[in-house]
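Chains A and B supply the protein sequences, listed in that same order. In terms of the numbering used here, the first sequence opens at residue 6 and continues consecutively. In terms of the numbering used here, the second sequence opens at residue 6 and continues consecutively.
Hints were generated in silico from the structure; no laboratory data involved. Check before you lean on any hint, since a few could be wrong.
Identical copies carry no separate label here, and so any pair may be met within one copy or between two of them.
Stated by the list, open to error - Heads up, simulated SDA-like pairs for lysine to any residue below, C-alpha to C-alpha not over 20 Å straight-line:
| id | residue 1 | residue 2 |
| --- | --- | --- |
| 1 | K52 | L128 |
| 2 | K52 | R116 |
| 3 | K97 | S58 |
| 4 | K43 | C56 |
Number of protein chains: 2
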Amino acid sequence: MTMEPVEVLVCSTCRAGMPTDMEGPRPGAQLAEALLAKDWPAHVTVKTTECLSNCDSGCSIAVRGGADRWTYVYGNFTGAEDAALAHEGLVKYAGTEDGLVPWRERPVHFRKNCIARIPPLRLPE
Amino acid sequence: MTMEPVEVLVCSTCRAGMPTDMEGPRPGAQLAEALLAKDWPAHVTVKTTECLSNCDSGCSIAVRGGADRWTYVYGNFTGAEDAALAHEGLVKYAGTEDGLVPWRERPVHFRKNCIARIPPLRLPE
Numbered sequence: 006m007t008m009e010p011v012e013v014l015v016c017s018t019c020r021a022g023m024p025t026d027m028e029g030p031r032p033g034a035q036l037a038e039a040l041l042a043k044d045w046p047a048h049v050t051v052k053t054t055e056c057l058s059n060c061d062s063g064c065s066i067a068v069r070g071g072a073d074r075w076t077y078v079y080g081n082f083t084g085a086e087d088a089a090l091a092h093e094g095l096v097k098y099a100g101t102e103d104g105l106v107p108w109r110e111r112p113v114h115f116r117k118n119c120i121a122r123i124p125p126l127r128l129p130e
Numbered sequence: 006m007t008m009e010p011v012e013v014l015v016c017s018t019c020r021a022g023m024p025t026d027m028e029g030p031r032p033g034a035q036l037a038e039a040l041l042a043k044d045w046p047a048h049v050t051v052k053t054t055e056c057l058s059n060c061d062s063g064c065s066i067a068v069r070g071g072a073d074r075w076t077y078v079y080g081n082f083t084g085a086e087d088a089a090l091a092h093e094g095l096v097k098y099a100g101t102e103d104g105l106v107p108w109r110e111r112p113v114h115f116r117k118n119c120i121a122r123i124p125p126l127r128l129p130e
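Sequences and hints are given; from them, build the entire structure.
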C-alpha cells in the first residue's frame with residue numbers, strides 16, 4: 006500500500022507563552038529542530054512554518070496529508086523536550102489513510118491537546 | 006479575476022458547551038442552517054461537517070479554499086444569532102487569494118476567536 010505524503014508543519018515562531026523580548030532560539034524553533042533530526046517514514050516531510058495562530062496554546066504542530074486525511078492541529082508542546090512524544094503521535098497519523106488514529110493509540114498528549122481538526126478535502130459521504 | 010472555490014465547514018454537532026442530553030436542534034446545526042440560508046458569492050459553498058474537535062470553544066467554523074489560501078478555524082460562535090457576523094468575515098476571506106484578510110478589516114469576533122490557522126498547500130517560499 007502506498008501512503009499519500011504527509012506534511013508535519015511546526016510553528017517555529019512560537020514562544021510558548023514566554024516573554025517576547027527573550028533572546029536565543031524560540032521554543033517552537035527548538036521543537037522544529039528536534040523534530041527535523043528524527044527518523045521519519047519516507048512519505049513524511051517536516052517543515053517549519055510561521056505562526057499557526059494558536060499562540061495561547063503553543064507550541065503548535067499541524068499535520069496533513071493528501072485529500073483523504075483529516076488535518077489536525079495539536080498544541081501545548083513545551084519545546085524540544087516534547088519531540089519524542091510528538092514524533093510518536095505523528096508517525097501513527099502518517100500510518101493511517103484517513104488521519105484517524107484510534108483514540109486509545111494516541112499519545113495522551115495528543116488526546117488532551119487537540120486544538121482543532123479539519124475534514125479531508127475529499128469529504129466522506 | 007477568477008477566485009478559487011471556498012468551502013465553509015460548519016460543525017453541526019456542536020453543543021456550544023450545553024448539556025449533552027438536551028433536546029432539540031444543536032447550536033451548531035442552527036448556525037449551519039442560518040449560514041446555508043445566506044447569500045454567498047458564487048465560488049463559496051457552505052457545508053455541514055462533524056466535530057471539528059474544538060468543543061471547548063464551539064460553535065466552530067473552518068474555512069479553506071484552494072492551494073494558495075490559508076485555512077482558518079474560528080470558534081466561540083453561539084449559534085444562529087452569529088450567522089450575520091460569521092457571514093461577513095467569511096465573505097471577506099472568500100474575497101482574498103491567500104485567505105489573509107487585513108487585520109483591521111476582520112470582524113472583531115474573528116480577531117478574538119481564531120482557534121488556529123494552517124498554511125496553504127502551496128507554501129509561499
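The hints, checked one at a time:
| no. | hint | verdict |
| --- | --- | --- |
| 1 | K52 to L128 | between (25 Å within a copy, 10 Å between copies) |
| 2 | K52 to R116 | neither (23 Å within a copy, 26 Å between copies) |
| 3 | K97 to S58 | between (25 Å within a copy, 18 Å between copies) |
| 4 | K43 to C56 | neither (22 Å within a copy, 32 Å between copies) |
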